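Novice: Sequence:
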Amino acid sequence: MPQMEISFLGTGSGTSTNRSHTALVYDCDDGTRLLIDTSSGNTVARNGQELGFSIGDFDTVLLSHHHPDHLSGLLFVQHARALAREDESALNVYLTEETLEWAIKMCRAAYLNVAEVDKVGAKNSDGRQLLLWHVVKPGEQVNLGPTTTASCFPAEHIFGAVGWRVNSDGMAVVFSGDTRFNPELVKASQGARLLIHEAYRTDEELEYANQHGHSTAGDAGRAANQAGVAELVLTHFDSEFAVNTQPLLDDAKKHFNGPTSAATDLYQITVSGQ
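Sequential numbering of the sequence shown, starting at -4, is according to the numbering used here.
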């Protein structure tokens, strides 16, 4: 029976002051390890270490969009990884064309171990390849491991934002990315074992959430129900719900009857296939 372990390194929204910004680790049954978004600052290294991850263990990153709470940690990941790895292999980064434009600007502006960056990747002053970009389009399937593939789908957030569906050994896990209620997500999540969905506010603040390009917990529950997923995990919480996520869980459960939980930083869940 295939399994996948999901580790939440950061579960806070961009304005959260109580939780780390978004980053997740997928450990697939075939040995593939994926980093989904890179949070900000040194979250991946710090929180990853708490869960037993070494920064040198990451070879593949899937990015949802270019907002700094999801992208800016890439600078620290590539720098720490280069120090930890002696094989000089590059970190493979899968992203949309729009996100790539901002990733290049970020690398040039920060100049953190990066002396040269273009649409192929980034190198240090010794010519060592640190990053390799892989531009993806919605619906395009990419092979990431012996039995692991991924495809992205458009998100309702900013131009070029996406969510990700990862399939491994016939089992699918979907990450919403930042998004309003999204029919494309519902379509991409059909039959998934697990849906990881942002829950920025309660349904009482639907208009506020939508104005900021985000979903309510009720939206997450509706998406899970319409997609027929087996399980729902909420994440990407604003500071108001950093300690007490029960109002969000209550809203989600009004629409989805399956197992539903709210992630915390360092939360881990293992899901099994049929």
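If you are wondering where the hints come from, they were derived from the structure by calculation, not from laboratory data.
Please note: incorrect hints may appear among the correct ones.
Lysine to aspartate or glutamate pairs mimicking DMTMM-like chemistry, simulated, CA-CA at most 25 Å apart [as the list claims (entries may be wrong)]:
id	residue 1	residue 2
1	LYS118	GLU151
2	LYS114	GLU96
3	LYS248	GLU179
4	LYS182	GLU111
5	LYS182	ASP54
6	LYS132	GLU93
7	LYS100	GLU111
8	LYS132	GLU151
9	LYS100	ASP121
10	LYS182	GLU93
11	LYS132	ASP54
12	LYS100	GLU151
13	LYS182	ASP198
14	LYS248	GLU0
15	LYS132	ASP113
16	LYS100	ASP164
17	LYS248	ASP198
18	LYS114	GLU200
19	LYS100	ASP54
20	LYS100	ASP113
21	LYS132	GLU83
22	LYS132	ASP164
23	LYS132	ASP121
24	LYS114	GLU93
25	LYS249	GLU226
26	LYS248	ASP260
27	LYS132	GLU81
28	LYS248	GLU199
29	LYS249	GLU235
30	LYS118	GLU92
31	LYS118	ASP164
32	LYS132	GLU92
33	LYS248	GLU226
34	LYS182	ASP164
35	LYS248	GLU151
Each pair of labels, with its calculated beta carbon distance range [as the list claims (entries may be wrong)]:
id	residue 1	residue 2	range
36	THR265	SER84	19 to 29 Å
37	LYS248	LYS114	26 to 36 Å
38	GLN136	ARG103	46 to 56 Å
39	GLU81	GLU199	52 to 62 Å
Just so it is clear, the structure is predicted and the values come from calculations on it, not from any experiment.
Where a beta carbon is used, it is the ideal one built from N, C-alpha and C, also for glycine.
Novice: Does each hint fit the structure? Answer for all of them.
Specialist: Going down the list of hints, with the structure as the test:
1. For the given pair, LYS118 sits about 33 Å from GLU151 by alpha-carbon distance, which is inconsistent with the 25 Å threshold.
2. Taken as a hint, the LYS114 and GLU96 pair is honoured in the structure, with Cα atoms around 8 Å apart against an allowance of 25 Å.
3. Taking the CA atoms of LYS248 and GLU179, the gap is about 21 Å. The hint holds against a cut of 25 Å.
4. Only pairs whose Cα atoms come within 25 Å are accepted, and LYS182 paired with GLU111 is rejected, the gap being roughly 39 Å.
5. A C-alpha spacing of about 29 Å is found between LYS182 and ASP54, which places the hinted pair above 25 Å, so the restraint is violated.
6. In summary, the hint linking LYS132 to GLU93 is supported, as the alpha carbons are separated by about 10 Å, within the 25 Å threshold.
7. For a cut-off of 25 Å, the pair hint linking LYS100 to GLU111 stands: about 11 Å separates their Cα positions.
8. For the hint linking LYS132 to GLU151, the alpha-carbon distance of about 15 Å falls within 25 Å, and the restraint holds.
9. Between LYS100 and ASP121, the direct Cα distance comes to roughly 21 Å. Compliance with the 25 Å bound is thereby established for this hinted pair.
10. Between the alpha carbons of LYS182 and GLU93 the distance comes to roughly 23 Å, so the proposed pair stays at or under 25 Å and holds.
11. Distance hint between LYS132 and ASP54 is fulfilled; the C-alpha atoms sit about 21 Å from each other, no more than 25 Å.
12. Between LYS100 and GLU151, the direct Cα distance comes to roughly 23 Å. Compliance with the 25 Å bound is thereby established for this hinted pair.
13. Proposed proximity of LYS182 and ASP198 is supported: the alpha carbons are some 22 Å apart, at most 25 Å.
14. Of the pairs offered as hints, the one joining LYS248 and GLU0 holds, with about 24 Å between alpha carbons and a cut-off of 25 Å not exceeded.
15. Using a Cα cut-off of 25 Å, the hinted pair LYS132 and ASP113 holds, with the two alpha carbons roughly 19 Å apart.
16. Proposed proximity of LYS100 and ASP164 is contradicted: the alpha carbons are some 37 Å apart, above 25 Å.
17. For the hint linking LYS248 to ASP198, the alpha-carbon distance of about 12 Å falls within 25 Å, and the restraint holds.
18. For the proposed pair LYS114 and GLU200, the alpha carbon gap of about 40 Å is over 25 Å, so the pair is violated.
19. Simply put, LYS100 and ASP54 have alpha-carbon atoms about 22 Å apart, close enough for the 25 Å limit, and the pair holds.
20. With a C-alpha separation of about 10 Å, the suggested pair LYS100 and ASP113 falls inside the 25 Å cut-off, and the hint holds.
21. Between LYS132 and GLU83 the CA atoms are separated by roughly 28 Å; this puts the pair beyond 25 Å, and the hint is violated.
22. The straight-line distance between the Cα atoms of LYS132 and ASP164 is roughly 23 Å, inside the 25 Å bound, and the hint therefore holds.
23. Only pairs whose Cα atoms come within 25 Å are accepted, and LYS132 paired with ASP121 is rejected, the gap being roughly 32 Å.
24. Between LYS114 and GLU93 the CA atoms are separated by roughly 12 Å; this keeps the pair inside 25 Å, and the hint holds.
25. This hinted pair checks out: LYS249 and GLU226 have alpha carbons roughly 14 Å apart, not beyond 25 Å.
26. Pair hint LYS248 plus ASP260 holds up; C-alpha atoms about 22 Å apart against a cutoff of 25 Å.
27. For the hint pairing LYS132 with GLU81, the CA-to-CA distance comes to about 32 Å; that exceeds 25 Å, so the pair is violated.
28. As the CA atoms of LYS248 and GLU199 are separated by approximately 15 Å, the hinted pair is consistent with the 25 Å bound.
29. As the CA atoms of LYS249 and GLU235 are separated by approximately 21 Å, the hinted pair is consistent with the 25 Å bound.
30. Simply put, LYS118 and GLU92 have alpha-carbon atoms about 19 Å apart, close enough for the 25 Å limit, and the pair holds.
31. With a C-alpha separation of about 34 Å, the suggested pairing of LYS118 with ASP164 is violated against the 25 Å cut-off.
32. Straight-line distance between C-alpha atoms of LYS132 and GLU92 comes to about 8 Å, which keeps the hinted pair within the 25 Å bound.
33. For the given pair, LYS248 sits about 11 Å from GLU226 by alpha-carbon distance, which is consistent with the 25 Å threshold.
34. Of the supplied pair hints, the one linking LYS182 and ASP164 holds, its CA atoms being roughly 20 Å apart against a limit of 25 Å.
35. Simply put, LYS248 and GLU151 have alpha-carbon atoms about 23 Å apart, close enough for the 25 Å limit, and the pair holds.
36. One distance hint, 19 to 29 Å for the beta-carbon pair THR265 and SER84, holds here, with the actual separation near 28 Å.
37. In this structure the supplied range 26 to 36 Å is violated for LYS248 paired with LYS114, their Cβ-Cβ distance being about 45 Å.
38. Our hint of 46 to 56 Å for GLN136 and ARG103 is violated, since their Cβ atoms are close to 31 Å apart.
39. Between GLU81 and GLU199 the beta carbon distance is about 53 Å. The supplied range of 52 to 62 Å therefore holds.
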